[in-house]
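Protein chains in written order, with the working numbering: chain E, 86 to 370; chain H, 139 to 509.
Please note that a few of the clues may not be correct.
From the derived model, a few chain E residues whose C-beta atoms are all more than 10 angstroms from chain H [as the list claims (entries may be wrong)]:
| no. | residue |
| --- | --- |
| 1 | Leu89 |
| 2 | Thr124 |
| 3 | Pro162 |
| 4 | Ile223 |
| 5 | Tyr230 |
| 6 | Ser260 |
| 7 | Asp315 |
Heads up, simulated BS3-like pairs for lysine-lysine below, C-alpha to C-alpha not over 27 angstroms straight-line [stated by the list, open to error]:
| no. | chain 1 | residue 1 | chain 2 | residue 2 |
| --- | --- | --- | --- | --- |
| 8 | H | Lys150 | H | Lys203 |
| 9 | H | Lys150 | H | Lys351 |
| 10 | H | Lys203 | E | Lys196 |
| 11 | H | Lys307 | H | Lys141 |
| 12 | H | Lys307 | H | Lys317 |
| 13 | H | Lys307 | E | Lys198 |
Derived list of chain H stretches under chain E, where covered just means 3 residues or more per stretch with a C-beta under 8 angstroms from a C-beta of chain E [what the hints assert, rightly or not]:
| no. | region |
| --- | --- |
| 14 | 175-181 |
| 15 | 206-215 |
| 16 | 365-378 |
If you're looking for bench data, these hints aren't it; they were derived computationally from the structure.
From the three backbone atoms N, C-alpha and C, an ideal C-beta is built for every residue, glycine too.
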Amino acid sequence: MNTLKSRLRSLAADGVLIIYFVFVLFPILWMVLTSFKRTDELYTTRFFFHPTLESYKVITIGEQFVSGTGAFRPDFPKFFMNSVILSVGAVLLSLLVGVPAAYALARFRFKGKESLAFTFLSFRFAPEFAVIIPLSIIYRKLGLYNTYFGIIWVFQLITLPLLIWVLRGYFEEISPEIEQAAQTDGYPWWQVFIRILLPLVRPGLAASALLAFVFAWNNFVYPLVLGGSDVQTVTVSALSFLSSEQAYYNRMAAACVIASIPEIVLALSIQRYLIRGLSFGAVKG
Amino acid sequence: MAKLVLDRVTKKFGSVVAVNDLSLEVADGEFLVLLGPSGAGKTTTLKLISGVEHSDDGLIYIGDKLVNTLEPPQRNVAMAFETYALYPNYNVYENIAFPLKAPGRKMSKQDIDRKVRSVAELLGITPLLERHVGALSGGQRQRVSLGRAMVRDPEILLLDEPIAHLDAKLRHRMRTEFKALEREIHTTTIYVTHDYLEALSLADRVVVLNLGKLQQVGTTDDVFNHPVNVFVATQLGQPKINLIKSTVSNNGGKLQFVSTDEGAIRLDVPDRLKDAVLKANAKEFLVGIRPLYVDVVDNQAGRANVIDATVYVYERLGTKGALTASIGSQSVDVITPIEMDFRIDEPVKLAVQVDNLIVFDAASEQNILAA
């Protein structure tokens, strides 16, 4: 009797989860379906239609090659590259600056440490729309408008706090005596950092770098307002498919599908670094 | 192998003085034991020698080199940490081999392998070499930590409570292993412990520390039989040394110690202490006698230096017995042969071997002979 009850219960739980699953993933499913739709079938809610790769071809190779006419220039590959440059650049800069900052916050004692740490975290709280106007004024004045450097810099608002806070926690978990042991064993500090400390924070590094990349990649407002056509990203470029003549939702969907591929690939490949329990047992207690 | 000199070394952590004006000279090849309770500054002293902590004051010499400004990799010192501090991302073999692969060392792979395996063999951890650190028991980790410190030929070997977390049997075995090792490797070794048995067994000399200050440095005989103050006397010996608060009285030409509560204990002042007792400007004394110098005797009328006491507790400890007897508000610990037996509240007579008395000034707690 008990097993029947508990089995029903777990079935009900599975059912609820499946419903939630469908609810959450449906927009993505619809987006993928839309990307394969012909323009004339676009405004229907059909699940069964004539799939075509037309949208994909148009945005990557160009309308002229596909249908013989049309003036749509495919700058999509360029936008894709821009996204790559900006997101990777932002994460790299955050790593360069954030890892030492996290270590300093974890190990050293100095005045104002906690307020400094909280200041870093507070960058994340800044609502984009609240800061965007002052930022765009400053950027134009400084000549940072429409530059790679400018966007990478503003992306630090998104990528840096995450990295610092996650890594600080990981560094704090490592006993300082492990560093002392390595130094006593004859290794200068920078070698201790590379050989011992970095491998131990690798899970945190992988997780936060991945998240930082995703946030930077997905960001829409900053490249839109602070960037022009030179640094246009895939997120902003999706807008361009909504022209005055026609709203090419299928091309927009195709662009989004392609844009999401790097993120998925990265997430899958980083999975093996996300293992906990590396430091268990190294230090007594 | 090198001699080590600490010259008035001080280390503070905020307002806490961990090491207070410590001066020490360790001879080349000497096995020195730092003994003291928690908070005595033993671990901090080791870290100052290895360089992972920097002293606030004072000079440290290894060999004849002043090392204050040298970072740990430049001081040829090896340390086994009390918390083990093993590298979690390496297995046991790699942990032990790690110091041998440090920059500046050029050892061939075979040489490294040979050294690692011989150390592992010595410590009985050869079957564990492939295991990861997280899969080891506490005692195994402690031995890996030891192995890592021993595998090099450092000028100074620092061991921080290296066998504290092993079970009693293994601890005893490791103690004898250390003793055998001492004879072979002549590395200057500083060994930290809170266990006086290790100190007595292994040390060439013992340094007793309390709250960062040096209490006494000397051979095991010095610190055990001639402790310079009450603290040192109580650090060594189990059960602790008995201390009886007394005044001195002249009983018909004979000097005697009379216990302050009710005068129930009367002990003759031995000849060797007479001058010191008379010279000491003390109102009260703490008369110390170690439990092993007190014997349970039968009713022997007229024998001097016998205390009438009542049994409080008797512990049978395998090879010996520990009797705690009370006289008024005073209690005395006695070590007895295991054949004896006692019932609680039974009256018992204790004979004190007054030749082994160690007497302290009750106010200053200093040994009256040390003045």
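The hints, checked one at a time:
1. Leu89: Holds: least Cβ distance 41 angstroms, greater than 10 angstroms.
2. Thr124: Answer for E:Thr124: holds, closest chain H Cβ roughly 55 angstroms.
3. Pro162: 41 angstroms, holds
4. Ile223: 43 angstroms, holds
5. Tyr230: 45 angstroms, holds
6. Ser260: 7 angstroms, violated
7. Asp315: Fine: 44 angstroms to the nearest Cβ keeps E:Asp315 off the interface.
8. H:Lys150 / H:Lys203: The hint holds at about 24 angstroms.
9. H:Lys150 / H:Lys351: 13 angstroms, holds
10. H:Lys203 / E:Lys196: With a Cα-Cα distance of about 36 angstroms, the restraint between H:Lys203 and E:Lys196 is violated, given a limit of 27 angstroms.
11. H:Lys307 / H:Lys141: Measuring from Cα to Cα gives roughly 33 angstroms; hence the hint is violated.
12. H:Lys307 / H:Lys317: 16 angstroms, holds
13. H:Lys307 / E:Lys198: Violated, at about 48 angstroms.
14. 175-181: Violated, because only 0 residues of the region 175-181 of chain H bring their Cβ atoms closer than 8 angstroms to Cβ atoms of chain E.
15. 206-215: holds (count 4)
16. 365-378: With 0 residues in contact (Cβ-Cβ under 8 angstroms with chain E), the coverage given for the region 365-378 of chain H is violated.
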